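If you want our numbering, it's the position in the sequence shown, counting the first as 1, plus 1398.
In case anyone wonders, no lab produced these hints; they're calculated from the structure. Remember, it's a predicted structure, so these values are computed and weren't measured experimentally. Backbone N, C-alpha and C fix where the C-beta goes; we use that ideal spot for every residue, glycine too. Wrong hints could be hidden among the right ones.
[What the hints assert, rightly or not] Here are the computed lysine to any residue pairs in the SDA-like style, where the Cα-Cα straight-line distance is at most 20 angstroms: (1) 1425 - 1414; (2) 1425 - 1436; (3) 1493 - 1511; (4) 1425 - 1415; (5) 1460 - 1445; (6) 1460 - 1472; (7) 1460 - 1471.
[Claimed, not checked] Estimated spans, in silico, between C-beta atoms of each pair: (8) 1433 - 1510: 27 to 33 angstroms; (9) 1402 - 1458: 18 to 24 angstroms; (10) 1489 - 1401: 38 to 44 angstroms.
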Amino acid sequence: MLKEAVVRGVFPFIIMTAISLIMKYQKMDAFQVRSTFIVGIIVTVVASASVIYDIENWSLFKQSIVHFLIMLITVFPCLIVSGWFELNTPIDYLKVLLIFMLVGIILWVIAYFIFGKLLSK
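Please build the complete structure, drawing on both the sequences and the hints.
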């Protein structure tokens, strides 16, 4: 399973890192370069973590909780260091956490209906 996670994550990482390096070489805005690289990290983590849903002897609940925890310790810190949010007070960090969780719930529900309901028919 680890091998499959690496395979799923390595291509987005290589592609987004290459795009970031090209942007840096072209002397594009440093914020855009960093943002592109951070998006690459997020896509890599999400793609790699998708192997969790291939574990057939785990319930969907367990798969979802483990996936959430992986996202919480990887994607959430990326959001914090990205510079995309104003982070001056503890409330600002809480707002980012709430945005992270809301987007996660929305994406989970969409994926559930697409992969769990529509494609299974």
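Tested hints:
no., hint, result
1, 1425 - 1414, "16 angstroms, holds"
2, 1425 - 1436, "18 angstroms, holds"
3, 1493 - 1511, "27 angstroms, violated"
4, 1425 - 1415, "15 angstroms, holds"
5, 1460 - 1445, "18 angstroms, holds"
6, 1460 - 1472, "18 angstroms, holds"
7, 1460 - 1471, "17 angstroms, holds"
8, 1433 - 1510: 27 to 33 angstroms, "29 angstroms, holds"
9, 1402 - 1458: 18 to 24 angstroms, "19 angstroms, holds"
10, 1489 - 1401: 38 to 44 angstroms, "42 angstroms, holds"
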